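S.K.: Sequence:
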Amino acid sequence: MEIDELLTAAMSAAALPSDNKLARRIGGSSSQISAWRKRFYYPKDETLIELCELAGVPEDVGLMWLNVWRSDEKAKPIYEKLARDLEKRASKTNRAA
1 MEIDELLTAA MSAAALPSDN KLARRIGGSS SQISAWRKRF YYPKDETLIE LCELAGVPED
61 VGLMWLNVWR SDEKAKPIYE KLARDLEKRA SKTNRAA
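My numbering puts the sequence shown at residues 1 to 97.
Hints in this document: simulated from the structure, not taken from any laboratory.
Careful: at least some of the hints might be erroneous.
As the list claims (entries may be wrong) - Now the in silico label distances, taken between C-beta atoms and shown as ranges:
(1) Ala14 - Pro77: 27 to 37 Å
(2) Ala14 - Tyr42: 27 to 37 Å
(3) Gly27 - Lys88: 12 to 22 Å
To be verified - No farther apart than 25 Å at their CA atoms in a straight line, the calculated lysine-lysine pairs in the BS3-like style are these:
(4) Lys38 - Lys74
(5) Lys38 - Lys81
(6) Lys76 - Lys44
Since we're looking at a predicted model, the values are computed, not measured.
By construction, the Cβ of each residue, glycine as well, lies at the ideal position given by its N, Cα and C atoms.
Could you build all of it, start to finish, from the sequences and the hints given here?
M.R.: Spelled out as structure tokens, the structure:
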């Protein structure tokens with residue numbers, strides 16, 4: 001998952017037509033969301049959890065992807081594997097429920 005995907009999913013699920021509306025919903029600014037989309041920096045953990053709640057993404061999965069996005073090149077593949085494993089487990093749990 002990329003940050004753009006999470007932002008778009010949150011906007012879609014919450015019926016928010018623009019980055020500006022999403023920013024207002026989470027108490028931020030459209031310039032923050034623009035910076036996230038450009039990967040200048042990433043949301044704080046608390047903000048990411050709020051985005052996950054809006055998007056319907058499990059919070060642990062979102063937080064693991066946040067670590068992927070923030071990580072250096074050596075750690076990135078390790079975090080990516082962990083994030084994908086969490087996604088698979090979450091998907092299996094949702095199907096079983």
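S.K.: May I ask which of the numbered hints given earlier this structure violates, with the numbers listed in increasing order?
M.R.: The structure conflicts with hints 2, 3, although it agrees with all the remaining ones.
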